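J.: Just so you know, the sequences run in chain order A and B.
In terms of the working numbering, the first sequence has 180 at position 112, counting the first letter as 1, and numbering is strictly consecutive.
In terms of the working numbering, the second sequence has 752 at position 152, counting the first letter as 1, and numbering is strictly consecutive.
Do not take every clue at face value.
Okay, derived cross-link-like pairs now, EDC-like style, lysine to aspartate or glutamate, Cα gap no bigger than 20 angstroms in a straight line [to be verified]:
| no. | chain 1 | residue 1 | chain 2 | residue 2 |
| --- | --- | --- | --- | --- |
| 1 | A | K187 | B | E745 |
| 2 | B | K659 | A | E99 |
| 3 | B | K659 | B | E621 |
| 4 | A | K261 | A | D308 |
| 5 | A | K355 | A | E394 |
| 6 | B | K659 | A | E394 |
| 7 | A | K204 | A | D382 |
| 8 | B | K659 | A | E96 |
| 9 | A | K187 | B | E744 |
| 10 | A | K301 | A | D382 |
| 11 | A | K199 | A | D226 |
No lab work stands behind these hints, which were simulated from the structure alone.
As the structure is a prediction and not an experimental result, all values here were calculated from the model.
Each chain is listed here by its residues.
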Amino acid sequence: MSEHDIERLMTVAERPVDSESALARIRERIERERIQPTIATSGGSRMDRPLVSIWIKGLAAAASVALIATLLTVSGVAETIITLFEPKTVVAVPITSADLTGAAGLTAYGTLTWSSPPKPYDVPDIATAEKATGMKVLVPSQLPSGVSVANARYGVMDRTTATYTFSADKTRAAAALLNRTAPPMPANIDGSKLFITGGPAVVQYFDDGTAPKSATSAGAFASLPRLIIAQGKGPLVQSDGVTVEQLQQYLLAQPGITPALAAQIRAIKDPSSTLPVPIPVDMATSKTVTVQGVQGVFVGDSTGLGSAVIWSKDGYVFGVAGTLTESQILAVANSLH
Amino acid sequence: MEAVAALRAAGAAPGLTAAFEALFRREYPRVVGIAQRIVRDADEAEDVAQDVFVAFYRKHPADAGYAPAWLYAAAAHTALNAIRSRERRGRRETVHTLERDPAVDPQRSAEEAESHAEVRAALARMDERAAALLVLRHSGLSYEEIAAALGLRRSSIGTLLGRAEDAFRREVTR
Numbered sequence: 069m070s071e072h073d074i075e076r077l078m079t080v081a082e083r084p085v086d087s088e089s090a091l092a093r094i095r096e097r098i099e100r101e102r103i104q105p106t107i108a109t110s111g112g113s114r115m116d117r118p119l120v121s122i123w124i125k126g127l128a129a130a131a132s133v134a135l136i137a138t139l140l141t142v143s144g145v146a147e148t149i150i151t152l153f154e155p156k157t158v159v160a161v162p163i164t165s166a167d168l169t170g171a172a173g174l175t176a177y178g179t180l181t182w183s184s185p186p187k188p189y190d191v192p193d194i195a196t197a198e199k200a201t202g203m204k205v206l207v208p209s210q211l212p213s214g215v216s217v218a219n220a221r222y223g224v225m226d227r228t229t230a231t232y233t234f235s236a237d238k239t240r241a242a243a244a245l246l247n248r249t250a251p252p253m254p255a256n257i258d259g260s261k262l263f264i265t266g267g268p269a270v271v272q273y274f275d276d277g278t279a280p281k282s283a284t285s286a287g288a289f290a291s292l293p294r295l296i297i298a299q300g301k302g303p304l305v306q307s308d309g310v311t312v313e314q315l316q317q318y319l320l321a322q323p324g325i326t327p328a329l330a331a332q333i334r335a336i337k338d339p340s341s342t343l344p345v346p347i348p349v350d351m352a353t354s355k356t357v358t359v360q361g362v363q364g365v366f367v368g369d370s371t372g373l374g375s376a377v378i379w380s381k382d383g384y385v386f387g388v389a390g391t392l393t394e395s396q397i398l399a400v401a402n403s404l405h
Numbered sequence: 601m602e603a604v605a606a607l608r609a610a611g612a613a614p615g616l617t618a619a620f621e622a623l624f625r626r627e628y629p630r631v632v633g634i635a636q637r638i639v640r641d642a643d644e645a646e647d648v649a650q651d652v653f654v655a656f657y658r659k660h661p662a663d664a665g666y667a668p669a670w671l672y673a674a675a676a677h678t679a680l681n682a683i684r685s686r687e688r689r690g691r692r693e694t695v696h697t698l699e700r701d702p703a704v705d706p707q708r709s710a711e712e713a714e715s716h717a718e719v720r721a722a723l724a725r726m727d728e729r730a731a732a733l734l735v736l737r738h739s740g741l742s743y744e745e746i747a748a749a750l751g752l753r754r755s756s757i758g759t760l761l762g763r764a765e766d767a768f769r770r771e772v773t774r
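Sequences are here, hints too, so could you generate the full structure?
T.: Shown next as structure tokens:
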């Protein structure tokens, strides 16, 4: 079959569309069904796109949470440039909705500047992903029934770096907006920098091709795919000399950090190498599991429909998630080789 | 804007914004065209386009820069979902098309219907991304537009398109 044949088969007799009638129809439907937008801001998220971008959303959310958690857990000894944080193990930190709404974002304490912002993209296969990242990417030898490598897609995020500069002025302004008074930022923290490196990372995304998707709802494919396997260099945080005990003390004393959350973070035995995995207690449950011979965190959502396991090994952070049972997720995780 | 969202959440009457209407007028024909290449029926393609715009309206701001890319991808995937579920239910649509399209020349009409059914079946069996890629390309999207819609690198499109055409050939001639 020639290119011309394909062209001919793919051609359809397009009927001229009446956009005004169609607009009237959609207007009538939106009013009749009282359909309301759920968006909160007009900016939206650039990441908030369907299809392959599903995993980008997950990555972005995980990265920002990990970054904040990292800032809250830094500990160690100050030198000129010191590695504050490099994950070797993971631990669950249960958080409540009060923790989420109360804690200020990164922007409240300073400025985050990306020197190479995360730009995830798709690649055709594992070999290309390995070439792009220089990583040996682990692949599953066991997949749940119905999930096939034939339906896999692969995404890559190159190494990204950012610099975070603390600012006493910004902290005061952010607190003032909330009618709160922030504890004064110690002079040696004001203006000090953290150098944050994340990635590279590779994501394997499997759909079974037969998932019951509604033919009438474009929103259906915004749901979780059957299986996602992510592998990346964990976040590395280095400092240009800030006194890190003071940094932890300062950040945990901020308004909005609940005493319970602060206590849990202080209780992490080795904060410079433990990746905290925030678990929203009202939406998910978690427990410690052994995966690939190391300690990992298993997370199940409260509906029982989705689950995930996260662990750190050999310098990488791994995550396996999907609309699968605990035993299926753990079987996939343990089959990675 | 948060105030607007709060008002809406409080039950204020929903309505289309000028930005949404402008987006609709601009993109509706193309969204229908993409869907029609898959479902091979003009009325059904318009139904798909309606669903796509409603889904967009629910969750996305009309002035988002990614809006066209989102709509094109959603059109392809929603239409592919539609033909897949139909393929699973059986191949009743061949008859359906014949009945709905009484062309002047019955033989030609039958041939066209058969070719439509073949293409639908082939697209339904293909990997979803490959099928979407092929359809978007034949709907007149540039490599840049396809890359944006499917979250791919511009430099990968040529290779992936070649593979998608091979897969399409295999499925049509199998």
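J.: Confirm or reject each hint.
T.: Taking the hints in turn, this is what the structure says about them:
1. At most 20 angstroms may separate the alpha-carbon atoms for a hinted pair to count; K187 of chain A and E745 of chain B meet this at roughly 17 angstroms.
2. Proposed proximity of K659 of chain B and E99 of chain A is supported: the alpha carbons are some 16 angstroms apart, at most 20 angstroms.
3. Between K659 of chain B and E621 of chain B the alpha-carbon distance is near 15 angstroms, which keeps this suggested pair within the 20 angstroms criterion.
4. Restraint check for K261 of chain A and D308 of chain A: satisfied, since their Cα atoms lie roughly 6 angstroms apart, inside the 20 angstroms limit.
5. Proximity of K355 of chain A to E394 of chain A is assessed by CA-CA distance (about 11 angstroms); at most 20 angstroms being required, the pair is judged to hold.
6. For the hint linking K659 of chain B to E394 of chain A, the alpha-carbon distance of about 31 angstroms lies beyond 20 angstroms, and the restraint is violated.
7. Straight-line distance between C-alpha atoms of K204 of chain A and D382 of chain A comes to about 11 angstroms, which keeps the hinted pair within the 20 angstroms bound.
8. This hinted pair checks out: K659 of chain B and E96 of chain A have alpha carbons roughly 18 angstroms apart, not beyond 20 angstroms.
9. Annotation: proposed proximity of K187 of chain A to E744 of chain B holds, straight-line Cα distance about 16 angstroms (limit 20 angstroms).
10. With a C-alpha separation of about 9 angstroms, the suggested pairing of K301 of chain A with D382 of chain A holds against the 20 angstroms cut-off.
11. Our distance criterion of 20 angstroms between C-alpha atoms is met by K199 of chain A and D226 of chain A, whose separation comes to about 11 angstroms.
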